[in-house]
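J.: Here are the chains, one letter per residue:
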Amino acid sequence: MDINIKTAQTVKSPIMSAKNVDVFYGKKQAIDDVNLDIPENQITALIGPSGCGKSTFLRCFNRMNDTISICRVTGNIYFAEQDIYDPKIDVVALRARIGMVFQKANPFPKSIFENVAYGPRIHGLAENKEHLEDIVNTSLKRAGLYDEVFERLDESGTGLSGGQQQRLCIARAIAVDPQVILMDEPCSALDPIATAVVEDLMEQMREKYTIVIVTHSMAQAARVSQQTAFFHLGKLVEHGETDKIFTNPDDLRTQNYISGKIG
Amino acid sequence: MTDYTLTTSPSLKRRHAKETRFKWYGRIAILIALSFLAFMFSAIIFRGAGAFQQTKISLEVTFTQDIIDPNGERDPQVLASANYRPLLIRALSKTFPEITARRDKKHLYKLLSSGAVFEMGKMVNHNPNMIGTTQTIWLPASSEVDLFMKGKIDANLDESQRRLDDKKMSYIETLKQSGLIKKKFNTAFFSHGDSREPEMAGILGAALGSFFSLLVCFVIAFPLGILTAVYLEEYAKKTKLTDVIEVNINNLAAVPSIVFGLLGLSIFLGVFHIPRSTPLVGGMVLALMTLPTIIIAARASLRSVPYTIREAAYGLGASKTQATFHHVLPLAMPGMLTGTILGMAQALGETAPLLMIGMVAFIVDIPHGVTDAATSLPVQIFLWADSPEKGFVERTSAAIIVLLAFLILMNLLAVVLRKKLERRW
Chain V
1 MDINIKTAQT VKSPIMSAKN VDVFYGKKQA IDDVNLDIPE NQITALIGPS
51 GCGKSTFLRC FNRMNDTISI CRVTGNIYFA EQDIYDPKID VVALRARIGM
101 VFQKANPFPK SIFENVAYGP RIHGLAENKE HLEDIVNTSL KRAGLYDEVF
151 ERLDESGTGL SGGQQQRLCI ARAIAVDPQV ILMDEPCSAL DPIATAVVED
201 LMEQMREKYT IVIVTHSMAQ AARVSQQTAF FHLGKLVEHG ETDKIFTNPD
251 DLRTQNYISG KIG
Chain P
1 MTDYTLTTSP SLKRRHAKET RFKWYGRIAI LIALSFLAFM FSAIIFRGAG
51 AFQQTKISLE VTFTQDIIDP NGERDPQVLA SANYRPLLIR ALSKTFPEIT
101 ARRDKKHLYK LLSSGAVFEM GKMVNHNPNM IGTTQTIWLP ASSEVDLFMK
151 GKIDANLDES QRRLDDKKMS YIETLKQSGL IKKKFNTAFF SHGDSREPEM
201 AGILGAALGS FFSLLVCFVI AFPLGILTAV YLEEYAKKTK LTDVIEVNIN
251 NLAAVPSIVF GLLGLSIFLG VFHIPRSTPL VGGMVLALMT LPTIIIAARA
301 SLRSVPYTIR EAAYGLGASK TQATFHHVLP LAMPGMLTGT ILGMAQALGE
351 TAPLLMIGMV AFIVDIPHGV TDAATSLPVQ IFLWADSPEK GFVERTSAAI
401 IVLLAFLILM NLLAVVLRKK LERRW
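So the sequence lines, in the order shown, correspond to chains V and P. So for the first sequence, my numbering puts the first residue at 1; every next one is plus one. So for the second sequence, my numbering puts the first residue at 1; every next one is plus one.
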């Protein structure tokens with residue numbers, strides 16, 4: 001039954017797609033000719049051993065690599081049929097459409113409210129104070145944090161626990177109302193309980209958002225994702241539905257990785 | 001058989017001895033440093049404490065209209081420059097009725113500071129209604145009398161070797177007995193500018209000169225330093241050029257301050273003709289000197305803001321400027337302010353560059369702005385230390401106390417700011 005639902009969703013057209021993407025750090029090539037479609041309202045997991053380029057690839061989707069001066073990206077990445085590396089593209093608008101959650105929870109050392117309100121503020125999303133409060137509350141609710149913090153929205157975001165901080169960062173990303181959320185190993189610094197909370201949250205978020213997640217944990221990829229892409233040494237080795245990748249991979253390297261022989 | 005014992009290591013004793021030895025080396029080093037500091041402070045305070053008191057003589061002065069303002073115009077110019085000397089001699093004669101000889105009267109008058117007449121001029125100017133009345137006023141004694149009252153002139157010495165002759169000593173004795181000579185808090189020291197007479201000299205002029213110089217220095221160096229640091233740290237690409245700039249900024253911080261003085265002399269005075277001896281040009285020179293310190297401190301505090309904060313802002317679609325000014329700069333501000341205050345404290349204590357641009361002149365007037373000729377606290381100390389009058393010895397130390405107090409206050413402010421505003425991640 002579960003499998004049937006997933007099959008139904010794969011039919012949707014991709015919201016993002018990467019075509020012949022290469023990434024260079026100086027002379028070193030980190031990503032080699034990757035083609036990948038990201039289907040809408042699904043969770044796509046990027047897995048692979050350390051240094052395989054999966055984080056680098058993830059950062060191409062919202063052009064975060066632009067901030068690294070020696071990094072160069074070639075090829076095309078399309079978001080809703082627009083090439084995001086087109087010079088005419090406004091990076092600010094792009095990042096408002098494609099949010100990001102980082103490996104280490106990085107709330108601003110400001111109040112919980114200010115953390116979530118920052119995005120809507122700089123993009124002018126709120127018409128007035130009530131509207132802004134509404135956005136903040138909704139975002140916190142969607143991130144499953146509201147019940148824990150609604151009494152202390154004016155306290156510092158850095159005073160929360162690790163798991164709460166990460167959910168605060170998710171709320172902060174949601175507040176800008178993006179279509180895609182990129183997650184770079186969001187649970188790597190969290191304990192199993194906090195991880196489970198975030199994973200549940202991702203499952204709920206899937207209704208509204210498309211999620212691309214980089215993860216070190218194959219178990220996590222198997223639990224949360226519908227699509228899995230396996231990277232090895234900067235190349236996309238294999239991608240497809242999660243069930244297939246984990247049960248019947250085509251490539252020997254994928255098989256070795258998921259069975260724990262490499263990585 | 002395998003040996004499992006843990007206590008018989010042969011080197012254990014040696015190791016412990018070595019540790020103890022090093023601990024004591026450290027303690028002794030600290031002790032020596034602290035005792036130097038304690039010695040310095042106690043020497044300065046011991047020498048300078050006296051200057052916070054000034055001997056004053058009480059006189060019953062009749063402010064005669066005919067002498068002060070014969071035409072009754074009440075013109076401030078006339079009141080200030082009137083001849084108060086006869087009034088004082090008359091008042092002294094009243095206290096010492098037995099002295100009648102003209103020479104002795106003149107001698108008696110020397111008990112008072114030569115600045116006493118200016119004090120009277122100020123008094124009358126402040127309150128012209130005094131004219132025609134008789135008032136009991138405390139007037140500053142001369143430097144010799146002051147030194148004698150403070151026990152710095154040995155009464156047992158032979159008269160020929162003493163700075164104060166027998167006659168004056170007997171006058172002082174008489175005054176003492178009737179309670180008409182007293183050591184009072186030295187308000188002049190805090191309210192006067194420089195003077196040739198130690199008893200009339202004060203540090204207000206120098207302190208204000210320092211204040212105005214630092215103000216100019218801050219207004220120039222702080223924004224320039226912060227903007228330079230932000231550009232170099234956040235915007236500039238790492239190229240050969242930025243490397244050269246970085247090396248030169250570090251070099252600039254190590255340039256002897258007198259070189260900045262020479263630069264100020266040839267550029268600010270020579271080319272731009274900014275008025276000499278003013279806090280304006282002084283502050284500009286100090287700003288040049290402080291700039292590298294501020295830039296280095298500001299860059300260090302910008303670098304200490306974690307990159308994840310910038311990433312978080314970029315991830316939300318903030319532009320570089322927004323990320324810098326909304327997040328990075330506020331977080332780096334405490335460190336920047338601390339660095340700035342320390343740089344300013346350094347500038348406050350600086351003498352050499354100010355000598356080059358004429359802030360070493362003898363200036364009696366108290367500056368009212370950045371374009372009034374002025375001197376600064378350390379330069380004032382230098383000037384007084386150079387003076388032959390004995391009365392300046394304690395004033396030199398007192399001025400050092402004031403300067404040190406300001407420096408300690410500024411450093412304390414830096415520590416408090418850092419403690420209060422610093423953030424932890």
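If you are wondering where the hints come from, they were derived from the structure by calculation, not from laboratory data. There's no promise every hint is true.
[Claimed, not checked] Facing chain V, according to a computed beta carbon distance under 7 angstroms, are these residues of chain P, among others: (1) Leu92; (2) Phe96; (3) Pro97; (4) Thr100; (5) Lys237; (6) Thr239; (7) Ser304.
[Said to hold, decoys possible] What follows is a set of in silico ranges between Cβ atoms, one per label pair, in the way DEER data are often shown: (8) P:Ala38 / V:Gly26: 38 to 46 angstroms; (9) P:Phe325 / V:Gln82: 23 to 31 angstroms; (10) V:Lys27 / P:Leu409: 49 to 57 angstroms; (11) P:Leu241 / V:Glu127: 44 to 52 angstroms; (12) P:Phe22 / V:Lys235: 54 to 62 angstroms; (13) P:Lys420 / V:Gln82: 45 to 53 angstroms; (14) P:Asn250 / V:Lys27: 26 to 34 angstroms; (15) V:Gln204 / P:Lys420: 37 to 45 angstroms; (16) P:Leu241 / V:Asp32: 47 to 55 angstroms; (17) V:Thr138 / P:Lys420: 56 to 64 angstroms; (18) P:Arg418 / V:Lys27: 55 to 63 angstroms; (19) V:Asn137 / P:Asn250: 25 to 33 angstroms; (20) V:Gln204 / P:Lys23: 25 to 33 angstroms.
Ideal Cβ placement from N, Cα and C applies to all residues, glycine included.
J.: Let me know if the C-beta of Thr100 of chain P comes in closer than 7 angstroms to any C-beta of chain V, holds or violated.
T.: 83 angstroms, violated
J.: Given the hint of 56 to 64 angstroms, check if Thr138 of chain V and Lys420 of chain P actually sit that far apart at their C-beta atoms.
T.: With a Cβ separation near 35 angstroms, Thr138 of chain V and Lys420 of chain P fall outside 56 to 64 angstroms, so the hint is violated.
J.: Would you settle whether the hint for Thr239 of chain P is holds or violated, based on the nearest Cβ-Cβ distance to chain V being less than 7 angstroms?
T.: Violated. Min distance 10 angstroms.
J.: Can you let me know if the beta-carbon spacing of Lys27 of chain V and Leu409 of chain P is within 49 to 57 angstroms?
T.: Holds: the Cβ-Cβ distance is about 55 angstroms, inside 49 to 57 angstroms.
J.: Evaluate the given range 25 to 33 angstroms for the C-beta pair formed by Asn137 of chain V and Asn250 of chain P.
T.: Since Asn137 of chain V and Asn250 of chain P have Cβ atoms about 50 angstroms apart, the given range 25 to 33 angstroms is violated.
J.: Taking the beta carbons of Asn250 of chain P and Lys27 of chain V, is their distance inside 26 to 34 angstroms?
T.: 31 angstroms, holds
J.: Given Phe96 of chain P as an interface hint, is the shortest Cβ-Cβ distance to chain V below 7 angstroms?
T.: Since chain V brings no Cβ nearer than about 75 angstroms to Phe96 of chain P, farther than 7 angstroms, the hint is violated.
J.: Note whether the CB distance of Phe325 of chain P and Gln82 of chain V lies within 23 to 31 angstroms or breaks it.
T.: For Phe325 of chain P and Gln82 of chain V the Cβ distance comes to about 29 angstroms; the hint holds.
J.: Starting from the range 45 to 53 angstroms, see whether the pair Lys420 of chain P and Gln82 of chain V falls in it by beta-carbon distance.
T.: Distance hint for Lys420 of chain P, Gln82 of chain V holds at roughly 48 angstroms.
J.: Does Leu92 of chain P meet its interface restraint, that is, does its C-beta lie within less than 7 angstroms of any C-beta in chain V?
T.: 71 angstroms, violated
J.: Against chain V, run the beta carbon of Lys237 of chain P and see if the smallest gap drops under 7 angstroms.
T.: 6 angstroms, holds
J.: Return holds or violated for the Cβ distance of Gln204 of chain V and Lys420 of chain P against the range 37 to 45 angstroms.
T.: Holds: the Cβ-Cβ distance is about 42 angstroms, inside 37 to 45 angstroms.
Checked against the numbered hints listed earlier, the structure breaks hints 1, 2, 3, 4, 6, 7, 8, 16, 17, 18, 19, 20; every other hint is satisfied.
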